[in-house]
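Using the sequences and the accompanying hints, generate a full structural model.
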Amino acid sequence: MAVTKGKTNKKPSLVVNAYLFSYNFIQILGWSYLLFQIVNFYVNPPKSQSLWDVVKYTVGIFQNAAVIEIFNVATGLVKSNLAVTIQQVLSRVAIVAAIVFIPETSAHQVYHWP
10 MAVTKGKTNK
20 KPSLVVNAYL
30 FSYNFIQILG
40 WSYLLFQIVN
50 FYVNPPKSQS
60 LWDVVKYTVG
70 IFQNAAVIEI
80 FNVATGLVKS
90 NLAVTIQQVL
100 SRVAIVAAIV
110 FIPETSAHQV
120 YHWP
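Heads up: the sequence shown runs through residues 10 to 123, numbered per this note's numbering.
No lab work stands behind these hints, which were simulated from the structure alone. Ideal Cβ placement from N, Cα and C applies to all residues, glycine included. Warning: the hint list may mix true and false statements.
[What the hints assert, rightly or not] Ranges between beta-carbon positions, derived for each pair:
| hint | residue 1 | residue 2 | range |
| --- | --- | --- | --- |
| 1 | V105 | N53 | 23 to 29 angstroms |
| 2 | P54 | I77 | 31 to 37 angstroms |
| 3 | G85 | F34 | 19 to 25 angstroms |
| 4 | Q58 | A83 | 37 to 43 angstroms |
Quick look at the structure:
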């Protein structure tokens, strides 16, 4: 007779569920607000601002808030692979950081043609 290992189906507490729901709900609100900003930018384009000028703070806040996902996995609140979660979150944060810190090439002349 084969012995199977039983998995414990331990349900998260009400507090954990409330925390995860709140975190995800706030993320939904933030990314929805970002979508609103993008649509509004194209429907009512401002004269003196670029799209990035309009959305940079929202992107920065809600993309960097995704670092909380690493905490959630590390503490066992969310069942996921920690290494994969770290890679996914930090790669997205790094892309946003690179966009923020790369100087605008349109403001600098790079090539000097004779």
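Tested hints:
For the pair V105 and N53, the supplied restraint of 23 to 29 angstroms holds, since their beta-carbon distance comes to about 25 angstroms. The given range of 31 to 37 angstroms is respected by P54 and I77, whose C-beta atoms sit roughly 34 angstroms from each other. The given range of 19 to 25 angstroms is respected by G85 and F34, whose C-beta atoms sit roughly 21 angstroms from each other. In this structure the hint that Q58 and A83 lie 37 to 43 angstroms apart at CB holds, the actual value being about 39 angstroms.
In this structure, every one of the numbered hints holds.
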